[in-house]
Amino acid sequence: MVISDKELWTVIHGMLLGALFFLAFSGIWVTLFSLHPERMAGIEQRVSRLKAAIWATVGILWLTIITGTYIVYPWYRAKPPEGADLTQFPRSYLLASPDRAGWHTFGMEWKEHVAWLAPILITAVAYVISRYGVTLVKEEKIRKAVILVFTIAFIAALAAVVFGAFLNKAAPIK
Amino acid sequence: MQQNNDLTNGPAAAAFLAAGIGSLALGLFVILAEAMTSVKNALNFYNPVGPLSGKTTVAIVIWILSWIILHSSWKNKQVSFAGVFTASLILIFLGLLGTFPPFFTLFGG
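If you're matching them up, the sequences are chains R and G in order.
Okay, so the first sequence: first residue is 1 according to the working numbering, each after it adds one.
Okay, so the second sequence: first residue is 175 according to the working numbering, each after it adds one.
Read the hints as simulated data drawn from the structure, not as lab findings.
Glycine included, C-beta positions come from ideal geometry on N, C-alpha and C.
There's no promise every hint is true.
Calculated pairs, DMTMM-like style, for lysine to aspartate or glutamate (alpha carbon to alpha carbon, straight line, at most 20 Å) [to be verified]: (1) R:K144 - R:E38; (2) R:K6 - R:D99; (3) G:K251 - R:D5; (4) R:K174 - R:E38; (5) G:K249 - R:E38; (6) R:K51 - R:E140; (7) R:K138 - R:E38; (8) G:K251 - R:D99; (9) R:K169 - R:D99.
Taking beta-carbon pairs under 7 Å as the criterion, some of the chain G residues facing chain R (in silico) [said to hold, decoys possible]: (10) A193; (11) P225; (12) W248; (13) I264.
Which chain G residues stay away from chain R? Per the calculated CB distances, all over 10 Å, these [claimed, not checked]: (14) N183; (15) V204; (16) L206; (17) T211; (18) N215; (19) L217; (20) L239; (21) I242; (22) S246; (23) N250; (24) L280.
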């Protein structure tokens, strides 16, 4: 039952915060689709819960991206000293073999950049939901825009999470 | 239902367009860092993280500044939401493209 600090942070970044994001996403997505002029019953409560959920998601995403970039990523990209065991240095370990290099040159290179788009987009979505509230029900164009941007943000986050999971299999941070 | 009835669409348009500008900025800095070693080195704000620290910090600053400017300009205005949102989607798409390795490595020096 021993876990290193590095492994713990990887779990917090990828599994805990990542899982919370996916849970929040599904709830928010369903609620966004329920904002319809023909479904006005309980609209105030639904919008109120939506606002709380979207701002919680904003917090989760920013925490995920900041812990990933400034705590976990430096361990991933650390340069090994001469003769070091490369399994302790994920980036160098992956690049040392042509069979594994793609996990870095495609997987990590995409993950580390695309992940940053998600919190930017979700923050915009959260602001619009808070600003317009129940008015979103009649503002069809804005409501559809919210759903579309939220979905794009999810896809960006999904790409990062999926490659994060595979990278942690291919070259775990220990 | 009363408190938001007088809202214009300007604030929403500003938020989405600024997000598009921030996305584009990130994609652009990824490409510039790939294409020019001088830019890559200049963006190395924090050595353990490398150029990623600069690419993301500058993109975030551009996103926030553009949001402040757009929001100030449009907060009480009704704008062509469809046009602004289409522009925002194009910028977001370009940002996504700029972060995609098979694309940005085309600019590798």
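* Does K249 of chain G pair with E38 of chain R here, judged by a C-alpha cut-off of 20 Å? -> 29 Å, violated
* To do: Assess, step by step, whether the Cα of K251 of chain G is no farther than 20 Å from the Cα of D99 of chain R, and give holds or violated.
  => 55 Å, violated
* Test the statement that N250 of chain G is away from the interface with chain R: the closest C-beta pair must be farther apart than 10 Å. => The assertion about N250 of chain G holds, with a minimum of 13 Å to chain R.
* Asked: Would you say L239 of chain G is clear of chain R, with no C-beta pair closer than or equal to 10 Å?
  -> 13 Å, holds
* Asked: Taking the least C-beta to C-beta distance, is P225 of chain G closer than 7 Å to chain R?
  -> 10 Å, violated
* Does A193 of chain G pass the interface hint, meaning its C-beta sits closer than 7 Å to a C-beta of chain R? -> Constraint on A193 of chain G satisfied, holds at 4 Å.
* For L206 of chain G, which was marked as not at the interface, is the minimum beta-carbon distance to chain R over 10 Å? -> 13 Å, holds
* To do: Below or equal to 20 Å on CA atoms is what counts here, so check K6 of chain R against D99 of chain R.
  => Distance ~25 Å between K6 of chain R and D99 of chain R Cα, so the pair is violated.
* Asked: Non-interface claim for I242 of chain G: all C-beta distances to chain R beyond 10 Å?
  -> Nearest chain R Cβ is 12 Å from I242 of chain G, so the label holds.
* To do: Double-check I264 of chain G for me: the hint is only fine if its C-beta lies closer than 7 Å to a C-beta in chain R.
  => Given a least distance of 12 Å, the restraint on I264 of chain G is violated.
* Report holds if the minimum CB distance from N215 of chain G to chain R is greater than 10 Å, and violated otherwise. => Holds, because the least Cβ-Cβ distance between N215 of chain G and chain R comes to about 16 Å, which exceeds 10 Å.
* Asked: Per the stated criterion, does the least C-beta distance between N183 of chain G and chain R lie above 10 Å, as a non-interface residue requires?
  -> N183 of chain G not clear of chain R: closest Cβ-Cβ about 6 Å, inside 10 Å.
Consistency note: the structure conflicts with the earlier hints numbered 2, 3, 4, 5, 8, 11, 12, 13, 14 and 15.
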